[in-house]
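Okay, here's what each chain looks like letter by letter:
2 protein chains.
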Amino acid sequence: MTFLNEVAARYPDAISFAPGAPHGTVFENVDVARLVGVFEDHLAAQGLGPAQVRSRLLQYGPTRGLLGGLIAASLRTDEGIDVDPEQVVVTVGAQEALVAVLRVLHDPVRGDAVAVTDPGYAGIHGAARILGLPMLAVPDDGGGPDPAVLRTVVRAAERTGRRVRSLFVAPDFANPTGAQMSLAAREELLIEAERLGVLLLEDTTYRFTAPPGAELPSLKALDRTGQVVQIGTFAKIGVPGARLGYLVADQVTDAGTALADHLTTVKGVLTVNTSPITQAVIGGLLLEHGCSMQRLGASKAGLYRRNLQLLLTALRRHLGDPEDADVSWNEPGGGFFVRMSTTKPADEELLRRSAEDHGVLWTPMRYFSLGNGEDRQLRLACSSLDPEQIDEGVSRLAKVVRS
Amino acid sequence: MTFLNEVAARYPDAISFAPGAPHGTVFENVDVARLVGVFEDHLAAQGLGPAQVRSRLLQYGPTRGLLGGLIAASLRTDEGIDVDPEQVVVTVGAQEALVAVLRVLHDPVRGDAVAVTDPGYAGIHGAARILGLPMLAVPDDGGGPDPAVLRTVVRAAERTGRRVRSLFVAPDFANPTGAQMSLAAREELLIEAERLGVLLLEDTTYRFTAPPGAELPSLKALDRTGQVVQIGTFAKIGVPGARLGYLVADQVTDAGTALADHLTTVKGVLTVNTSPITQAVIGGLLLEHGCSMQRLGASKAGLYRRNLQLLLTALRRHLGDPEDADVSWNEPGGGFFVRMSTTKPADEELLRRSAEDHGVLWTPMRYFSLGNGEDRQLRLACSSLDPEQIDEGVSRLAKVVRS
Chain C
1 MTFLNEVAAR YPDAISFAPG APHGTVFENV DVARLVGVFE DHLAAQGLGP AQVRSRLLQY
61 GPTRGLLGGL IAASLRTDEG IDVDPEQVVV TVGAQEALVA VLRVLHDPVR GDAVAVTDPG
121 YAGIHGAARI LGLPMLAVPD DGGGPDPAVL RTVVRAAERT GRRVRSLFVA PDFANPTGAQ
181 MSLAAREELL IEAERLGVLL LEDTTYRFTA PPGAELPSLK ALDRTGQVVQ IGTFAKIGVP
241 GARLGYLVAD QVTDAGTALA DHLTTVKGVL TVNTSPITQA VIGGLLLEHG CSMQRLGASK
301 AGLYRRNLQL LLTALRRHLG DPEDADVSWN EPGGGFFVRM STTKPADEEL LRRSAEDHGV
361 LWTPMRYFSL GNGEDRQLRL ACSSLDPEQI DEGVSRLAKV VRS
Chain A
1 MTFLNEVAAR YPDAISFAPG APHGTVFENV DVARLVGVFE DHLAAQGLGP AQVRSRLLQY
61 GPTRGLLGGL IAASLRTDEG IDVDPEQVVV TVGAQEALVA VLRVLHDPVR GDAVAVTDPG
121 YAGIHGAARI LGLPMLAVPD DGGGPDPAVL RTVVRAAERT GRRVRSLFVA PDFANPTGAQ
181 MSLAAREELL IEAERLGVLL LEDTTYRFTA PPGAELPSLK ALDRTGQVVQ IGTFAKIGVP
241 GARLGYLVAD QVTDAGTALA DHLTTVKGVL TVNTSPITQA VIGGLLLEHG CSMQRLGASK
301 AGLYRRNLQL LLTALRRHLG DPEDADVSWN EPGGGFFVRM STTKPADEEL LRRSAEDHGV
361 LWTPMRYFSL GNGEDRQLRL ACSSLDPEQI DEGVSRLAKV VRS
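Quick note, the sequences are listed as chains C and A, same order. Numbering-wise, the UniProt record's numbering puts 290 at position 290 of the first sequence, and it's gapless, one number per residue. Numbering-wise, the UniProt record's numbering puts 240 at position 240 of the second sequence, and it's gapless, one number per residue.
Some clues are possibly wrong.
Stated by the list, open to error - Which residues of chain C face chain A? A few of them, derived with a C-beta cut under 10 angstroms, are:
hint, residue
1, 22
2, 54
3, 59
4, 243
No lab work stands behind these hints: they were computed from the structure. Note that beta-carbon positions come from the ideal geometry of N, C-alpha and C, so glycine has one too.
All chains should be built: construct the whole structure from the sequences, respecting the hints.
Written as structure tokens, this is what we have:
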């Protein structure tokens, strides 16, 4: 990513399909002071006096966090997921959640490995590397990880003395592919994961962008056997600056202890506790949206769906058929990302020329892959752009990939 | 610590010398909205428009953080330490700083080990364990780690194929011992560390409580050879709820790269970036105190010195001579902690009886030690108590340790 950042810094006027950051306008109604006030009123309504409210926000706080109740209520309202507030662990963004869950579930000394959908989120790669955990790729060609391939990967690992404990998967509009798993694919993956004894680490970041009525149940909502640990973030439905994420873990370990307790312990070793101030900001947003993450996300989802449609329309206008043999792309129903394939290596040299000669940026798909199979693919993100930028950007991109 | 928390929950009315948390009254002048406003004005004065200011607080931010300039300015003003803002990495409390610096400096596969002053801060033990790093104890009998003992530990480790890369040390009023290193001890430790090629990880948490005029230079202020990485926190001089800490690293690695850049990369893998909202809160506090951490801490230090003096006075009143053969304790010049030795094991059974029969709590020193040499010692913390609690608490404690 360093190269990408350097290129972006060198060509500040280039239209960039690189960052998957929220659009600037979604912050217009976010006022830190107001939201903290909403959460303080919520605490006061529970019977806390002014000094106690102040202390709740400014003193050390519980490692598990203050929002377990609100998040559990939201999961129940939005998805019918029934978990106890104690089974929710608030983290410093989804990233800390990834580090904590990998650390709790895997022991590199014991030979544990983590399977990752590939290409996949770079954050899971970083988390595994920092913990010295081997990663095994389960390719995603468009509809999520194939259960049969997962089985092959797990069995092959076992023959080398490795035990695959978990698979990281984002079933809804995954970063970087935009892929969504069908309901059948979700159910098959759950069955195979149970058979293999592999926990599914479900990333729900882009779930909120599904078109109304077209939402599919999350893996956790379908989970009947405790096969799924869900990882969520408020970076896209709320504000990234709050650095707020969470883990949902209702499992009991072989030792009879709650998995959420182990996650809490490791989270405490990473950062002691999540700032109650930023929890108040997100708590305020949840309270203002009827304790529903879906409702909170809905106010932004329209903008992102508009941008995605503009991107897909511009791609057809400037590049023709999405299933063209030379330049093809998928057409996700939601999310921030489109996956494009070209006949030429989508490498740093092409990226440099793209910026220099055409004023357009994107991300090489290889940045998100463990292998070398994604060399002719690129990721297009549209979340932070304005309509006119999207069309103009695609017209420039067309020159890059067709030249 | 779980046992301690359980006992504390079972005896909520016990006077507790256990927690090293800030006193509740230090939050009275802390208003999140005001402080965020101060920092926003500071950004606006740098030429940022309203939308840019909002985005700076709510959007993703730089992994290194936003406060490098203010912290570097403070280090210069307070201590004459001359570092570039780029050599400061803002972290989610000192705890994340510990995890990041241990991860960057040590490779468990290569056989690296970390030396720790013993007894010492439990957070460093957790950070090393989570990374699978072996720890080696360098005993602290009252004036910090002995350089000769450090040398023995390092040489012994080398004979077993381990390389000691760093020593964790808190020279000023360390948690849990309250010990302060003399100026000569600091200089000797720096010389020995350079000779051994061991980096000193200096924790400055309680430095601000030194009596005015009696401050000793920090290890980093004395460092002429790049031997010290300093770790700071705003939990005690500011508010714990901001979860704000930092690393000061001006070293260049053997590969010619900046150590601060490596720390930033690992920090990014742990939590992406530190919340700009909580950085604004601490930035506001710094700006209100002339960009001086010392001035910011000074407003609280008086209260903590008062509490410590009350504790020391009460100990003499109820227990007599601090150098008594049966029950003895040190008399630190600052900090939150006193170290007490008794003739009986200061274990969980004594703690349980202490709570049940006498209504007083404390922390067994063994919680802070790698070995078993601290079995008859306990830690007394006085930071969060009120004067009448301190005297009454010590009168109860006297019955526990004399009975």
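Comparing the hints with the structure gives:
1. 22: With a closest approach of 7 angstroms, the residue 22(C) hint holds.
2. 54: Interface hint status for residue 54(C): holds (5 angstroms vs cutoff 10 angstroms).
3. 59: 6 angstroms, holds
4. 243: Holds - the Cβ of residue 243(C) comes within 10 angstroms of chain A, reaching about 4 angstroms at its closest.
No hint from the list above goes unmet by this structure.
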